[in-house]
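Chain by chain, the residues:
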Amino acid sequence: MRISGLGGRLYRGETSLNIIGGKRKWYSLSLAFIILSGFALGAKGVELSIEFKGGSSFTVTAPSGTIPQAESAVQSAGYSGETRIQTIGDNKIRIQTGVIEQSQSNSIQDSLAKTFGVTVESIDTQNVGPSWGEEISRKALQGLIAFLIIVMIYLALAFEPKMAIAAIVALIHDVFITVGIYALVGFEVSPSTVIGFLTILGYSLYDTVVVFDKVRENTRFITATGKYTYSQAANLAVNQTIVRSLNTSLIALLPVAAILFVGAGILGAGTLKDLSLALFIGLIAGTYSSIFIASPVLAQLREREPAIKALNQRVMARGGAPVAQGQRLQRKRDKRKGRK
Amino acid sequence: MSFGSSRNSGSANRSRPGRTLFIHLFLTAALFATAFGIGATSINLGLDLRGGTSVTLQPRVQTGDSGNVSAESIDQAVSIIRQRVDSLGVAESEVTAEGSGTNRQIVIAVPGETGRRIVELVGQTAELRFRQVLVETGGVPTPTDNELIAGLNLSPEEQSAFTTLDCTAAELNITSVTEDPNKNLITCDRTGGVRYVLAPAQVVGRDVESATAAIDPASASGWFVSLDFSGDGSKKFGELTQAVVNLPTPQNQVAIVLDGSVVSAPRINEAILGGRAQITGSFSQLEAQDLANVLKYGSLPLAFDRGEVQQVSPTLGSDQLRAGLLAGGLGLALVVIYSILYYRALSIAVIGSLSLAAVQVILSLFLLGKTVGFTLTLAGIAGTIVAIGITADSFIVYFERIRDEMRDGKPLRVAVETGWIRARRTIVVADLVSGISAVVLYVVSVGSVRGFAFTLGLTTIIDLLIIFFFTKPLVSLMAKSKYLQNGGRFSGVSARSVGMANFADSKSEEKL
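These protein sequences, in sequence, are chains H and Y. Under my numbering, the residue at position 254 of the first sequence is numbered 714, and the numbers go up by one with no gaps. Under my numbering, the residue at position 137 of the second sequence is numbered 265, and the numbers go up by one with no gaps.
Treat the hints as calculated values from the structure; they're not laboratory data. All C-beta atoms, glycine included, are put in the ideal place defined by N, C-alpha and C. Honestly, I wouldn't trust all of these hints.
Listed below are several chain H residues computed to face chain Y (Cβ distance under 8 Å; list not exhaustive) [unchecked claim]: (1) K513; (2) Q562; (3) E581; (4) Q586; (5) Y614; (6) S652; (7) L739.
Please construct the entire structure, taking both the sequences and the accompanying hints into account.
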């Protein structure tokens with residue numbers, strides 16, 4: 461029942477979750493998700509906000525206003541293109557149009573102000589040019605690529621090159637899953653959503669770094685001690701950090717949930733909701749991937765190395781050490797440190 | 129084991145946690161004093177938090193022109209637009225270039241309810257024109273004005289425009305921006321001290337090929353601007369100068385007009401037929417360079433694509449501000465409650481650190497607002513809230529490490545130190561990754577993304593400072609308390625919470 465008690469047992473290896481060994485399961489689960497996401501993306505794509513498509517949006521505060529009223533107000537302003545009208549919260553109406561000229565936007569504002577008896581200044585308006593979306597998409601892509609390259613180099617230097625690869629695999633996994641969920645559910649993607657995505661990248665890595673740090677610690681002298689296969693040592697590390705990972709993720713989720721609650725519940729739409737929804741989904745995917753994807757991928761990558769292969773054969777020849785003896789590995793390492 | 133622990137507690141004494149804490153708090157107090165000393169006592173709120181209009185323009189080379197959108201030409205465009213916006217007389221308007229390199233955008237933010245005028249005003253192409261001066265006189269209307277324009281054949285509208293124009297008025301005549309090159313222009317100079325009646329434009333900006341500020345060391349004339357006209361421009365400028373050179377002052381002057389106001393009105397000393405002119409005067413280096421820039425970039429006017437126009441009503445602004453603050457408070461409260469439940473007495477360190485971090489973030493926003501004009505947007509607030517989680521993560525990494533060390537059988541005072549050595553590295557690496565993402569986001573982005581990236585980066589730095597120089601020493605101090613050492617029930621490091629119930633030493637059982 462007590463998580464912290466569980467933490468102690470996981471740490472000593474008394475309780476062990478076979479995470480690395482069960483990699484097929486996790487990979488299949490993720491693959492299924494990714495295929496589903498791919499289908500959803502291919503079939504209907506993601507719903508893009510006007511910032512990406514270009515267009516205008518008018519939000520009128522009118523407690524007694526109706527959608528047909530808004531419709532006729534837009535028509536009487538001489539706009540006949542496609543519109544999307546929805547109510548937001550209990551006192552707002554939002555009208556979205558395609559790309560229009562500034563003068564057209566002004567006349568729609570005037571017409572709405574007249575219809576709903578409000579001042580022009582009280583109408584929240586956004587006009588986005590047709591090429592704006594391209595520009596910000598390009599920038600987001602540039603940012604993504606720059607970020608991946610810098611972080612790859614950094615992680616390769618701070619840890620091991622293979623850890624960098626495994627971390628990036630987990631990262632791409634997270635982005636796929638999150639985008640897939642957006643496509644499946646039909647959440648709208650705005651620039652704030654994109655900020656959210658980009659932030660997830662940083663956060664997903666943060667989580668992976670915590671796990672990998674422990675993996676590295678546990679596997680540093682692995683070939684010298686010859687007691688554990690790489691997978692066993694890595695699995696112990698994942699078990700030892702699992703409580704920590706869940707904790708850090710949960711505590712990071714709390715403020716995000718607060719933003720989501722306030723953003724979606726009180727404001728109804730906009731920056732806060734878009735940003736926190738992307739973060740919320742991404743954080744969960746990130747926690748999952750740092751435990752169930754990043755570490756197994758790392759173990760697979762490392763176990764291709766001749767030195768690790770030889771080690772695994774030696775350990776296996778001796779009948780293999782049960783994972784539960786993790787405590788001894790820990791002690792051994794501490795003694796080594798003491799001797800130095 | 130005993131050997132290890134005595135060595136480690138030795139290093140704990142050397143680190144002097146009390147002194148570190150004192151210095152940290154002292155520096156925070158100094159930051160506080162500085163902020164209030166220089167009057168930085170409020171945060172600049174973005175338009176999405178207080179209402180107003182923001183326009184983002186994407187510069188492009190005007191059709192028919194060759195060349196690139198250079199960083200210099202964007203700077204020039206920014207200063208031209210700033211002049212236009214300032215002429216509206218709205219306080220706290222901002223015109224800035226955002227983004228990197230030549231892919232920059234120009235962002236204009238004007239608070240209050242001037243929406244439409246701003247949108248119309250800023251999107252227009254700056255066009256430089258050369259017009260012959262017909263009348264040059266003082267900045268305020270006088271009874272003798274009618275005599276000055278007597279022989280000029282001005283239309284009645286032009287006459288009344290001239291006799292009523294007051295260049296010293298706070299709000300300049302915005303309509304002059306939409307000057308018609310084929311008509312006379314009645315306008316002021318940039319300083320507002322001189323009124324002009326100008327003839328229709330005969331030479332336009334695109335006729336100028338290049339302009340440079342230079343100094344002739346041989347003569348005492350000081351800085352001057354040298355001006356080259358294109359083939360067609362040479363001819364037109366030649367005709368213009370030939371026509372005016374022998375006229376009486378001020379009609380032998382040619383005004384350089386940008387955006388409807390007169391930048392300079394040099395006298396023509398000789399007909400300039402070769403396409404190369406020099407403007408001399410008692411210029412300082414800066415003045416000469418400014419004039420050369422006006423001539424150069426007036427000749428390559430940037431066109432703007434309307435990127436995004438956003439008009440936020442003050443009601444929505446204050447709603448968003450309230451929502452942001454509420455989300456922040458709620459997020460902070462949730463994190464505090466969670467850490468109290470999970471870490472018991474250790475949560476004192478969490479709460480203390482988060483409070484100090486909050487104070488430092490707010491002080492930094494005060495100072496940055498005052499010194500570099502940083503404005504906090506809704507996305508920026510979201511950034512700080514998300515950072516609460518990241519800051520709390522550092523504590524968890526550290527505390528769980530302490531528990532790990534205790535699981536290895538180390539007493540609390542030792543575990544606090546050895547756990548720190550291990551946790552430190554993880555925290556630095558993880559914070560650096562988060563810092564890198566903030567920097568990358570900041571460099572490539574525009575508008576609200578920037579605000580988010582900035583506050584995320586800022587709080588990451590503060591997080592590192594706090595955990596190194598506040599949380600760690602505080603935990604070291606707390607580890608000296610008998611209650612924690614004995615693993616008291618609400619200590620957060622009791623045998624039960626560490627998960628060592630089976631191994632628990634008899635001493636802590638007795639205490640309970």
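Verification of the supplied hints:
With 8 Å as the threshold, the beta carbon of H:K513 stays out of range of chain Y, its nearest partner Cβ sitting at about 12 Å, so the hint is violated. Interface hint at H:Q562: satisfied, since its Cβ lies 6 Å from the closest Cβ of chain Y, which is below the 8 Å cut-off. This hint holds: H:E581 has a C-beta 4 Å from the nearest C-beta of chain Y, less than the 8 Å allowed. The criterion of a C-beta within 8 Å of any C-beta in chain Y is met by H:Q586, whose closest approach is roughly 5 Å, and the hint holds.
Taking 8 Å as the C-beta contact cut-off toward chain Y, the hint placing H:Y614 at the interface holds, the least distance being around 7 Å. Nearest Cβ of chain Y to the Cβ of H:S652: about 7 Å, under the 8 Å cut. The hint holds. Taken as an interface hint, H:L739 checks out: its beta carbon lies about 7 Å from the nearest beta carbon of chain Y, inside 8 Å.
Hint 1 alone, counting from the list given before, is not met by this structure.
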